[in-house]
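Undergrad: Each chain, written out:
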Amino acid sequence: MTDAAAHVVILGAGHAGGTCAALLRQYGHAGPITMVGEEPIPPYQRPPLSKAWLKGEADADSLALKPLEFYAEQKIDFRPNTTAVKLDRAARTVGLSDGSSVTYDVLVLATGARPIALPIPGADLEGVMFLRTAADAEQLKATVGPGKRLAVVGGGYIGLEVAASGRALGADVVVLEKEERLLARVANPTLSAFFKAYHEAHGVGFELGCSVTGFEGRDGKVTGVRLADGRVVDCDAVVVGVGAHPNQEIAQAAGLECARGVVVDLEARTSDPAIFAIGDVTYRPMPLYDRMFRPESVPSALEQAKQAACAITGRPAPPPEVPWNWSDQYDIKLQIAGLPFDADEVVVRGDPATAKFAVFHLKGDRLQSVEAINAPPEFMMGKQLIGARKPVDKARLADPSVSMKEVAA
Amino acid sequence: MAKITYIEHDGTEHVVDVKTGLSVMEGAVKNNIPGIDADCGGACACATCHVYVDPTWLANTGEKSAMEESMLDFAEGVEDNSRLSCQIKVSDELDGLVVRMPESQH
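So the protein lines, in turn, are chains A and B. For the first sequence, the working numbering gives the first residue as 1, with consecutive numbering after it. For the second sequence, the working numbering gives the first residue as 410, with consecutive numbering after it.
Chain A extracted, bound-state conformation (with noise of 0.2 angstroms):
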């Protein structure tokens, strides 16, 4: 347990950072908090980004984690605008952006990731964006409208979203995306053609297999997506969605243990003692998986921040969690609980054709994951039997007349 009079500084204030901040005065730390972030404005919540504040369901006030004033309030001094520029573990000071630096007891290590960009031409043309900040998200809303043509390139989750709010904005939307399958990293096959499916009958168009090696504009902005077979992809605006890398340089820098992420272990610790690390920017232990992975997801985040807090404070650690994550699209609201490693077998539980089933993936008889598509029992049991290590009826569990209690029970 640290110091009750430690000051903790929190590089770093996305959901990560400022569910840290929070928590520590939640459990009762009362030396000084410092976070310091990038972006103008207070941790704010990222997921509705891509869909309810997209579409203009949700506003600023509501994407705030908590209000500005909670930080004032609360003793935390939040720096806005400002960067970590330089790590000396031996001084244990901080150089920041403005020039000034603080000195810290305690470091928590929470920088994120940022969107890989594409390194082809034309990708520094106006209307060529990602998806991260509330300011991306205010440019591409500002752009995408009934009548505007939308290229998104990667089929993945961010993708995908977008693509369905930018079909409920009234723009046409074509994706792009390089393997032979949506969702080809991080979910199954049956997946991938449902939602291949549901977003074609929502009139967004694919192009599967291709591989994008530049933008072509006019003035200055995109015009369009060029293909390696030399097609060109007409648009208004592109949006670029093909994974993130880790913050990790200042650490790196540092000589702080580094693999696809900062490494830590399951307190978030990283290999300095003093040093915590969580969201994004972590290479984190998955307890009921035996291995390392870099989940990229505000559940993680929010556990790790928690592990960080409790550690921090002298409170016994959370118990072990089971990784879990969501995507809403149109009117589908998928759930995904554990992760599909080591999976030797593989049971769908309904029909695709219904839009309410769910994948199950299976390692012998113990469960290891669930992919629940507007099944929230098969989603709740399933990340319950996966932390519970409890051998599952494979026969049980593909029949949808057994209810999952049952299967459970």
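Hints are not guaranteed to be accurate.
Claimed, not checked - Between beta-carbon pairs, the in silico distance windows are:
| # | chain 1 | residue 1 | chain 2 | residue 2 | range |
| --- | --- | --- | --- | --- | --- |
| 1 | B | 488 | A | 126 | 49 to 57 angstroms |
| 2 | A | 80 | B | 498 | 27 to 35 angstroms |
| 3 | A | 28 | B | 475 | 58 to 66 angstroms |
| 4 | A | 197 | B | 421 | 33 to 41 angstroms |
| 5 | A | 365 | B | 412 | 48 to 56 angstroms |
| 6 | B | 505 | A | 28 | 45 to 53 angstroms |
Hints are computed from structural coordinates only; laboratory data are not their basis. Every residue gets a Cβ at the ideal spot worked out from N, C-alpha and C, and that includes glycine.
Based on the hints, put chain B in the right spot on chain A.
TA: Only chain B this time, still in chain A's reference frame:
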């Protein structure tokens, strides 16, 4: 605006004013009240904002959607007065509302 009383599992009471249009979950989270995790931020995807609505207020909090009903069916410690607080919209009619939090949100 509505005055809402949130009671933690250990009996600690928090009385706060919550703006009309926010959810009962947002009222707790924005005031840093412990006991409501709300991992998904109100998307009805996680069931970590489970509360027990004081029975005298239950009728005023509106109907549960099929999604909420289905999520609650599998949450821990569910009672007849259980709700997901992200699905209860605050209005003047809820002035005086009392909700209690479960021991944990799983």
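Undergrad: Indicate, hint by hint, whether the structure satisfies it.
TA: To see whether the hints hold, each was checked on the structure:
A hinted range of 49 to 57 angstroms for the beta carbons of residue 488 of chain B and residue 126 of chain A is consistent with their spacing of about 55 angstroms. Range check, residue 80 of chain A to residue 498 of chain B: Cβ separation about 31 angstroms, and the 27 to 35 angstroms hint holds. Taking the beta carbon of each, residue 28 of chain A and residue 475 of chain B are about 40 angstroms apart, not inside 58 to 66 angstroms as hinted. Hint check: residue 197 of chain A to residue 421 of chain B, Cβ distance near 50 angstroms, so the stated range 33 to 41 angstroms is violated.
Look at residue 365 of chain A against residue 412 of chain B: about 52 angstroms separates their beta carbons, and that is inside 48 to 56 angstroms. At about 30 angstroms, the beta-carbon gap between residue 505 of chain B and residue 28 of chain A misses the expected band of 45 to 53 angstroms.
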